[in-house]
Every structure is written in structure tokens, then in C-alpha cells.
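K.L.:
Assemble the complex: chain A is given as a structure, and chain B must be docked to it using the hints.
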Amino acid sequence: MSADIVLTVNGTRRTIPIPDPRTTLLDLLRESLHLTGAKKGCDRGQCGACTVLVDGRRINSCLALGVSLDGAEILTIEGLAEGDRLHPVQEAFIAHDGFQCGFCTPGQIMSAVGLIREAQAGADPERVREAMSGNLCRCGAYAGITEAVLEAQQAMSQRPSHRQGEAA
Amino acid sequence: MIPFEYVRATDVAGAVAAGAAPGAAYLAAGTNLLDLMKGGVARPTRLVDITRLPGLAAVARQGDGSLRIGALVRNSDLAHDPAFAGAYPAVAEALLSGASAQLRNAATAAGNVMQRTRCPYFTDTGSACNKREPGSGCDAQGGEARLHAVLGWSEACIATHPSDFCVPLVALDAGVEIAGPAGTRTVPLEAFHRLPGDAPERETVLEPGELMTALVLPPEAAGFSGHSRYLKVRDRTSYAFAVVSVAVGLRLENGRVAEARLALGGVAPKPWRARAAEAVLAGRAPDEAAFRDAADAALAGAAPSGDNAFKIELARRLVARALSRAASGTPERLPALPGSVFAPAPEAAHV
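Protein chains in written order, with the working numbering: chain A, 1 to 168; chain B, 1 to 351.
I should point out that these hints are in silico values taken from the structure, not numbers from a laboratory. From a predicted model like this one, the values you see are computed outputs, not experimental measurements. Think of the CB as a built atom: it goes at the ideal place given N, C-alpha and C, for glycine as much as any other residue. There may be inaccurate statements among the hints.
[Claimed, not checked] Selected chain A positions facing chain B (in silico; Cβ < 8 Å): (1) Asp-43; (2) Gly-45; (3) Gly-48; (4) Arg-57; (5) Arg-58; (6) Ile-59; (7) Asn-60; (8) Leu-63; (9) Leu-65; (10) Val-67; (11) His-96; (12) Ser-111; (13) Gly-134.
[Claimed, not checked] Stretches of chain A that chain B covers, calculated by requiring three or more beta carbons in the stretch to come under 8 Å of a beta carbon on chain B: (14) 14–23; (15) 112–122.
For reference, chain A alone in the conformation it holds in the complex (with noise of 0.2 Å):
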């Protein structure tokens, strides 16, 4: 059975042939899209180096079938910067160290601008780590993560237009 479905990725409408139903929202993106940037770690759910946002919210892209999210809006680690402009996640990235070898990298910065957009943890460490326990990192780098959600949710918080942090 072969079908298409529409989906707004990145802010562009595509049509996707699907030609087999099995195909999830992550090998979607990888294989047909070619974007590349949400990963593959344990394709189960448990590490969520795939997580992109989906109608505006967080989810393991590995764990949802591509047919069932016909019309849609996708946001990836492709759509987050504008231009040159980086997302304030990812410049307070790059500022907190909060990385090392970068495979789980954008899983974890779509993690944290849904997190931010949930605006459930404040500024309490403790509730930001708890609200990021879905994002493995095998080398290590949660403190520096955890500084950098801090300081982009407190960046975004003074820059509130922001235009892809607020998107619906």
C-alpha cells in the first residue's frame, strides 16, 4: 500500500509519498527528507537523540509512525536558526560546553526549546534535569546542559519574540 501524506516541515508544506506504513516520523525525515539531524541512538524510545517537535511539541520521533501524523508541523534541529542567526538553545550550547561528541546534541536542544516552550520547570535546576531525563548523553555533559537550558530560557524569557522558540 503506498500513500501520501502533507506535512509542514521546518515551515515548508511537503508532500511525502509513504510507501510503507511502517516507516516512523525519524526514518521519515532521514531517509525520504534527508534531514539528518534528528539521530538514530536507540531507535526505541530510551535515549532521545531523536526528539523534534511536533505540532509545537516534544516527542521521540522514533515512536511515532510517519502516516499517522498526516498534516502536521515538524520543527528539526534544521529549522531551529535563522540564517547565520543561531536559536538562543543553541548559542547557550555552545556557551555551557554542553556537549562533547554531539550525537545526542540535537536531540537534546529540540528537547529543551519544547521544554522551555512547556515553561513547567522555572528556574529550578533540579525540575530542568527532571524535564530533560528523556535526553541521554553518554559522555557526560548534563551540567553544562543543564546551565545552558537555564540561560536560554532566561535569554528567551527577555526576548520573547523570538520567532521559531514561539511558533505555534
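P.N.:
Leaving out everything else, chain B in the frame of chain A:
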């Protein structure tokens, strides 16, 4: 993952008709189902996508004061709904102690109730498992069974039900609204999951084609909001299934327990209502002696199913602690943080 036919349902009747076919399974977010399909544990030949069914994504107060939680309400939306968390704080606390933020954003209320056991012998297709393959045996028995059941298990199956959400729900007398080929019916959540007996492959009372459409909290469920807790002991601070968990709701009047609700998670093949313990508490002063008596009553029938006798004493202590925390009042900020040795907040230091 084996190939399957994808069917997108547009109304409940159509979903039920498509879901009644042999080999069919309902797909909501898929966070548990797809994981099991990737591992070859679940092998549906048809997926009926119910995510577009109308009217199933709302939380609505009914005329009689009950609350209807649509099957498709996302776990995070429910937990972060201030009115919901205020009325049913233990349910919100349980939801937010489960899984990760990403999974809670996707997973639905019905999917949470329908999730399968995390027994590693169930998820490993190289192991014998009566639940996955009836009659094949149970490699968990005599295996690594540290996290397995101490209540309600049978020789055929010692797996636990992994849900946090279901534990306070069963304590609050939630009902499950079901649509099926023969019409709709409502069954108590307490009777929805079956004990394994000699047929562990039959996990719920759902008949072929039947679809959970909502969970319903009765009017009196909101009467415990002032003294409610969900405490969860796990092997790490966050993003782990319960070793043992306890949901408590108390109604205190004139310094006595007017009514107690108590249920346990992580200890049995279903969310485990502890009615005997509730009876022990009724009319007593909310003190440590009463809490210990209730804990003993809650675990009176417990027996290890492997190297997990520690869970019985752990559960007793957690029951007593949850009762004590609930008696001192629902925390102002919900959810309280998960228990952590690093947690500075006293309400979080519960493990």
C-alpha cells in the same frame, strides 16, 4: 516489524468494525505498541489509527459531577491541567512520574491503561513467555525476577503492570468506558485488568473489536484532593518504572480518617487496590500506628515470586510513608519532584 495494513478510522463505529478483524490492533500514539512491534513482540497485521476519532481528546465535567477523560487525552495535557491536578493531585503526580517528557507529550490516557508489561522475558522473543506465546512457559520464574510481582501472580505469569497513572485511578474508583460491536459499556478499572491465572495472555476484559473511549472519575473522587499523594520508588531518580509505588487519598474529619483510598503499583499484574488496608484506616486517628497496621493489611497476602522478597517490606514502608505524607496535606506545588537524594525540597525526599 512485520508488514501491516494501515486503516485510518474516522468514527468510533468504523474503528470498532475495522478493529474486530483478527490480527487488528488500535493505534493511538504508538509509544508502547511500536516499541513492541519493532521487537517482534506484538505482531498485528492491521493497525486501526484512532487518533482522528472525534470527541475523544477532551476532558469534560459531566452533569452528575463525574469527570470524563477522553481516551486520546495526552498524558502531559492531563497532568498539567490546573483544574484536573487540583481536584485529583495524586493522578497528576503519578502521570508526571511516568516515562519522559517526550513520551508523556505523545502517550494517551487509554494507551497508558493498555500498556503491556515490561517483564524482560516478555519483551525478549528468545525467552519462554506464557503471555506472549500461551503455553510456552515462563522464563521469569527462576530467572532475574527482582522487579516481578509479589501480589496476584500465578505459576503461569509473574509480570507486573507498569502503569503509574492507573494506580491512583483505581484508588479513586475510575471507570472504563468501552465501545464495541455490541454497543457501549462501562466497567470499573479495578475489574478491567485480569489477573493472569492460567491465561496470562488475556490481560483485560476487552473483547475483540472493543475500544476504550474514556476513563470516568466518579463525583466523590474529587473529595480526597486535600490529602493525596503518589509516591514511587524506582532504581534511578527519573525515567524508570516503579519498583513499588503507592497512591493514597484520605478524607480527614475531626482528627480521624473518615475514608481512605489506597492502591499499589509495581507489585502485581494489575493496578492493586488495597481495600483491606482502607478498612483498617477507617475511623482511626491518622498516626504511625494506624499507618503501619494499614501497611500490614495491604501486604498481608504478598509472597515473593523470585528474588524479590524485599519488595514486600519496601511496599509496607512506602504505604506507611505515603499515608503519612498524605495526612500532612497535598503539597502546594504539584507535582512534587521525584524522590532524589539530591532533592533540596522536603516533599521530594521520599525515597
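K.L.:
Next, verify each hint and record whether it holds.
P.N.:
Here is what the structure says about each hint:
1. Asp-43: Status holds, d = 7 Å.
2. Gly-45: 6 Å, holds
3. Gly-48: 6 Å, holds
4. Arg-57: This interface hint holds because 4 Å falls under the 8 Å limit.
5. Arg-58: 5 Å, holds
6. Ile-59: Ile-59/A check passes; min Cβ-Cβ to chain B is 4 Å, inside 8 Å.
7. Asn-60: 5 Å, holds
8. Leu-63: 5 Å, holds
9. Leu-65: 6 Å, holds
10. Val-67: 6 Å, holds
11. His-96: Violated - the Cβ of His-96/A stays beyond 8 Å from chain B, reaching only about 20 Å at its closest.
12. Ser-111: 7 Å, holds
13. Gly-134: Constraint on Gly-134/A satisfied, holds at 3 Å.
14. 14–23: holds (count 3)
15. 112–122: n = 4 at 8 Å, threshold three: holds.
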